[in-house]
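S.K.: Residue numbers (the numbering used here), protein chains in the order written: chain W, 157 to 255; chain S, 4 to 218; chain F, 57 to 610.
There could be a bad hint or two in this list.
[To be verified] Computed beta-carbon distance windows for the label pairs: (1) W/P191 to S/T165: 35 to 41 Å; (2) W/P191 to F/L503: 48 to 54 Å; (3) W/L241 to F/V532: 25 to 31 Å; (4) F/L488 to W/L198: 39 to 45 Å; (5) S/V73 to W/P191: 25 to 31 Å; (6) S/E14 to W/P191: 29 to 35 Å; (7) F/R67 to W/V169: 58 to 64 Å; (8) F/L538 to S/S129: 56 to 62 Å; (9) S/G140 to W/A234: 32 to 38 Å; (10) S/G140 to W/G190: 19 to 25 Å; (11) S/Q127 to F/L380: 51 to 57 Å; (12) W/L189 to F/V284: 35 to 41 Å.
[Unchecked claim] Partial pick of chain S residues on the chain W-facing surface, computed with a CB cut under 8 Å: (13) T46; (14) G72; (15) V80; (16) T165.
[Unchecked claim] Some chain S residues judged to face chain W by a derived CB distance under 10 Å, without partners named: (17) R24; (18) L34; (19) T36; (20) M39; (21) A49; (22) V85; (23) V120; (24) W123; (25) I203; (26) I206; (27) L209; (28) L217.
For the record, the hints were derived by calculation from the structure and aren't laboratory data.
From a predicted model like this one, the values you see are computed outputs, not experimental measurements.
Virtual Cβ for every residue (Gly too), placed ideally from N, Cα, C.
Residue-level listing of the chains:
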Amino acid sequence: MASTGIGVRAYIVTAAVLLVLTGLTIGLAFAPLGPWNTVVALGIAATKGLLIALVFMHLRSGTATTRLTAAAGLFWLAILLAGTLDDVMTRGWLPVPGK
Amino acid sequence: MAARARSVPAEQYDDLEQQHRASTFGMWVFLVTEIMLFGGMFTAYASYRFLYPEGFAEGSRHMDLVIGGVNTGVLIVSSLTVALAIHAAQTGHRRALLGFLGATIVLGLLFMNLKAVEYWHHWQDSLVPGLRFSFEGPLAHQVQLFFLFYFIMTGIHAVHLTIGVSVVAILLILAWRGHFTPESHAPIEVTGLYWHFVDIVWIFLLPLLYLNGLG
Amino acid sequence: MSAVAIAPPPRTYVANGASIWSWLLTEDHKRIAILYVITITLMFFIGGIAATVMRVELLTPEGDLVSSSAYNKLFTVHGVIMVWFFLIPSIPNTLGNFLIPIMIGARDLAFPKLNLASWYIYLFGAAFTLWAVLNGGVDTGWTFYTPYSTQSSTTHVVSTTLGIFILGFSSILTGLNFIVTIHTMRAPGMTWGRLPLFVWSHYATSIILVLATPVLAITLLLVAIERVLRVGIFDPELGGDPLLYQHMFWFYSHPAVYIMILPGMGVVSELIAAFAHKRVFGYSFVAASSIAIAVLGFLVWGHHMFTAGMSVHAALIFSLLSYLVAIPSAIKVFNWTATLYGASITFDTPLLYALGFIGLFVIGGLTGLFLAALAVDVHVQDTYFVVAHFHYIMVGGMVTAYMGGLHYWWPKMTGRMYPELWGKLAALTIFLGFNLTFFPQYIVGYLGMPRRYHVYPPEYQVLNVLSTAGASILAVGYLLPLIYLLWSLRWGKEAGPNPWGAPGLEWQTSSPPPPHNFETTPIVREPPYMYPDRRVVGDPSAHRPQMRDGSHGG
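This is chain W alone, in the form it adopts within the complex (with noise of 0.2 Å):
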């Protein structure tokens, strides 16, 4: 079997990265920074992710395949949010009696 090339140091600094990441989210929960609460913690979040996918999950030295099927999971799930979220952020937008 292929070694992914990943040595354990690599491991032990994402892991210590993500502790880390995970702190600040939560100090930063409590700024007042209004909406950009959510992006913040959001952004946090995706980095955590990516971090995880590409070392964790060996994407990093992974296959195109394999890449894009986990990017083609991600593309899917922004089309349903994308697609419910229009609906439901632009009722009454346009001028149109009963909606």
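Following the hints, put chains S and F in place on chain W, whose structure we already have.
M.R.: Just chains S and F now, with coordinates in the frame of chain W:
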């Protein structure tokens, strides 16, 4: 003897390399289905949070951030132990492999225990929709919706984690019996992918459920 | 020379073990395909019985055969069973299971045990649903719209949705198996550009299966939770949004219709090539169109909700995207037509079905464009116009393709030919019966008759009577193959490895194939559909793939 049996690929495969590629890719495809499963819940949650920002913020303020934060740390460390277990399998270090698989199980069980305590507290505070829910004020319906999503999302996450812990336990037994070699340990790698995915889901649940409305 | 005599391996997958357990615990994709054929045929006839009762009721304007609540249960049962227990698994789990490994030169699918598990999960889901049907039924419509399904209906919503939830896993695992197989198990030389279009369309179908079905799972789970716990996820009184349910439901159910049609399109590509004796015109366009349909199909689900209260902004976007998704389907139709042009065509039964598919699919598809127009949709939504539209595609398209494929590959799967005259007769009966059943429904729907009603104004009766008359002819048309195909198993002419003279790996092995599909792994050296060029005089066997041992196959 068990190790040698593993070096023959299943009938439909030409060689171990093809089998390994197929099982890894298969797990990735499965994880995509899981992205969509949780994604459906996230979409519904996002819709209601957009419609009811105050109620959802109020709901989040009733979450136990300490348990939430500690549990996040527990899962991150468990992802580390899984990765180290795979590394041990790749390099043929049997004792390390057993140790890290065992640590992963312990951490997974710790998460479940903390979650159970958390659920118990919600029960005591009458914040369990459908079973025991009472909330004063105009935001009651919205808070109830929030807690519905909280229990459904963390509940389904917990089901996935339980399955993960069970599979790792089976891997531990197989590893004890010398089932895995540096050339053939795909089940551990594939289980690792699943475990990391479950961790990633939690990493998004933390800010969405626990870190709203605190600023 | 070994002194020990070793018994030669059984020659065909059918003869490879005769006990019931060798079938029920098989890992052979071909046997699993046959198991599916039996079960989905059963479900087809159960769904068909529901439709029969409905059409008999609709002979008269009054509700005189069944009560309104019984009628609600009938159309729900018809929809649930036909969509999830017949159409979704039909071609993929029967022809797909049987042919995909053979067409790519593999010995089996990537995960044979998972394949068998998929069948048992299917049975488990079917058991739940049939239990509900037999114990009072469900009356919500196959769409389970909230809040009726969650708050008001007193029927077996939970067990039915549970049955579908379980069935969903069978779908997901099938799609997963196909994707991994096509990626990792192709024989040497079988590049993506040499895959038969049947495989391409199943690859596209599998993409939809794995991406869409999980959303259905979570949606139905939420419905069940709401019913069991009496909480209000979609309950307007508690701030819930019924439209949110529809978004999640249709996010799956629209791509689901492409799950249902894409495999049929794959079959049609194979049939057209085989009976025009010509390679498919525009192969890469047809292959790319399959993928395009799979992707674009995910962007249009809102067109089911135009009249449900969705924002106009979203409706405009969904309408535009719905027009786009018609394009790749049209590309396929043009390429099939171009393949037939100038060809020397043999009008055998499978081709009759393929031609029927093209005509009926085009009609059904074009009426989809009517429905995608917002203003028109307001008029015809929830009328029989919609019912006719989707039956033209699902029955006139998909079921027709299934019948065509079943006939075409019947000799390969069973080693027997079906009786050709009866085949043609049944195909013609189905075509005529189908059109008589469903064309009047376009008219009566446009004139205003709503769907899901068993009572209607008397001026619609003539069209309804025509429709029911057509349905009775259609029923005969579907019963005929049931009879003669079963007959052929015992008394049909024995088919050789390649009764159609077609290229393609499945025709290079015996009929029925051996347990591991090929005696030796094939090596592929040339494009698909390599029919001898009529202008070239030469050795016909030069176009058959060469086996590892240097021979050109059996």
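S.K.: Compare the structure with each hint and give your call.
M.R.: Going through the hints against the structure:
| no. | hint | verdict |
| --- | --- | --- |
| 1 | W/P191 to S/T165: 35 to 41 Å | holds, 36 Å |
| 2 | W/P191 to F/L503: 48 to 54 Å | holds, 52 Å |
| 3 | W/L241 to F/V532: 25 to 31 Å | violated, 50 Å |
| 4 | F/L488 to W/L198: 39 to 45 Å | violated, 58 Å |
| 5 | S/V73 to W/P191: 25 to 31 Å | holds, 28 Å |
| 6 | S/E14 to W/P191: 29 to 35 Å | violated, 57 Å |
| 7 | F/R67 to W/V169: 58 to 64 Å | holds, 60 Å |
| 8 | F/L538 to S/S129: 56 to 62 Å | holds, 59 Å |
| 9 | S/G140 to W/A234: 32 to 38 Å | holds, 36 Å |
| 10 | S/G140 to W/G190: 19 to 25 Å | holds, 23 Å |
| 11 | S/Q127 to F/L380: 51 to 57 Å | holds, 54 Å |
| 12 | W/L189 to F/V284: 35 to 41 Å | holds, 40 Å |
| 13 | T46 | holds, 5 Å |
| 14 | G72 | holds, 6 Å |
| 15 | V80 | holds, 7 Å |
| 16 | T165 | violated, 20 Å |
| 17 | R24 | holds, 8 Å |
| 18 | L34 | holds, 7 Å |
| 19 | T36 | holds, 8 Å |
| 20 | M39 | holds, 6 Å |
| 21 | A49 | holds, 6 Å |
| 22 | V85 | holds, 7 Å |
| 23 | V120 | violated, 19 Å |
| 24 | W123 | violated, 23 Å |
| 25 | I203 | holds, 5 Å |
| 26 | I206 | holds, 5 Å |
| 27 | L209 | holds, 7 Å |
| 28 | L217 | holds, 5 Å |
Hints 3, 4, 6, 16, 23, 24 from the list above are not met by this structure, while the remaining hints are.
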